[in-house]
Amino acid sequence: MPDVLNALAAHKPSDLAVVLRAQLKASDVIVRATAAVQLAELPPDADTSLALAAAVPLASRDEMNDAALAILDALAKQKTAAAFDAIKPTINSTDYLIRRRASTLLQTATNESTNPNGGGNNNGGGARREFVATRNRPADYTRALARTGKRVLAVVNTDKGAFTIELLPEAAPLNVDNFVQLARRGFFNNVTFHRVVPNFVIQGGDPRGDGNGGPGYQIRCEINQASYARGAVGMALSGKDTGGSQWFVTHSPQPHLDGGYTVFGRVREGMEVVDAIARGDRIRSISVTETIQK
1 MPDVLNALAA HKPSDLAVVL RAQLKASDVI VRATAAVQLA ELPPDADTSL ALAAAVPLAS
61 RDEMNDAALA ILDALAKQKT AAAFDAIKPT INSTDYLIRR RASTLLQTAT NESTNPNGGG
121 NNNGGGARRE FVATRNRPAD YTRALARTGK RVLAVVNTDK GAFTIELLPE AAPLNVDNFV
181 QLARRGFFNN VTFHRVVPNF VIQGGDPRGD GNGGPGYQIR CEINQASYAR GAVGMALSGK
241 DTGGSQWFVT HSPQPHLDGG YTVFGRVREG MEVVDAIARG DRIRSISVTE TIQK
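FYI, in the working numbering the residues of the sequence shown are 1 to 294.
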């Protein structure tokens with residue numbers, strides 16, 4: 001459906017806005033996100049402004065924040081007081097990326113001073129947050145740091161064979177821990193490599209299989225000194241601090257990615273398997289071992 005909406009928008013039928021507004025009520029978060037993105041490209045309209053404002057509560061309950069972020073952007077482009085009023089409550093969202101987007105939009109468009117870490121001038125109507133909850137617990141940090149000095153290997157079994165990744169816990173402890181926890185849960189089992197670009201990357205880890213899915217949360221970037229040489233394993237992003245479950249392996253050196261995407265592993269065995277993987281091939285399983293280096 002997202003591709004259908006994008007294709008429809010390219011043709012610009014007379015009832016495009018009506019169709020897109022209806023999709024703001026869809027159950028699928030990516031369908032709603034796509035509808036909002038396309039509505040943002042249309043001229044401001046009173047009915048669209050109302051529909052976007054009405055879509056905020058549902059988007060605020062989503063595990064994924066794609067629809068919420070797209071709706072906020074579309075509301076800002078309406079440039080009406082009612083649209084900005086619909087944005088204000090999201091300053092108090094539990095999702096930092098939503099808070100940050102709302103704060104930026106309000107500061108830019110209405111010159112209001114807001115704070116993405118705590119409700120700012122309190123125009124959102126909620127209590128100021130002195131401390132912001134994160135997904136990670138103290139035990140998560142302890143577990144991640146405990147891998148320092150260990151050799152952590154992940155064997156990725158695919159339709160084309162197996163390849164082995166040496167994870168880099170000292171360079172990216174939280175990204176490595178996230179990958180290990182997802183692998184041990186079986187999250188990646190039967191998930192496809194949905195993106196394959198020859199001489200560039202293979203990318204997988206999306207349970208939806210369309211490049212829009214994730215685990216239902218985001219993790220922070222851990223930019224480090226590791227470079228994107230052939231066989232580098234990186235965390236896919238849709239913006240800063242938006243990593244989750246999608247990861248990629250480079251076919252060849254990609255220096256333009258250095259400093260922009262977290263490198264958290266390197267393929268040590270089986271690059272011929274990586275080279276053979278085609279779009280739609282599946283990850284059958286990923287097994288992880290941790291050993292103390294002597």
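Warning: the hint list may mix true and false statements.
Here are the simulated BS3-like cross-link-like pairs (lysine-lysine), alpha carbons at most 30 angstroms apart as the crow flies [stated by the list, open to error]:
1) K77 <-> K25
2) K240 <-> K77
3) K79 <-> K240
4) K25 <-> K150
5) K150 <-> K160
6) K294 <-> K150
7) K240 <-> K25
8) K160 <-> K77
9) K12 <-> K25
10) K12 <-> K77
11) K12 <-> K79
Worth flagging that the hints you see were computed from the coordinates, not collected in a lab.
Each hint tested on the structure:
no. : hint          : verdict
1   : K77 <-> K25   : 20 angstroms, holds
2   : K240 <-> K77  : 22 angstroms, holds
3   : K79 <-> K240  : 26 angstroms, holds
4   : K25 <-> K150  : 48 angstroms, violated
5   : K150 <-> K160 : 29 angstroms, holds
6   : K294 <-> K150 : 9 angstroms, holds
7   : K240 <-> K25  : 28 angstroms, holds
8   : K160 <-> K77  : 47 angstroms, violated
9   : K12 <-> K25   : 21 angstroms, holds
10  : K12 <-> K77   : 19 angstroms, holds
11  : K12 <-> K79   : 22 angstroms, holds
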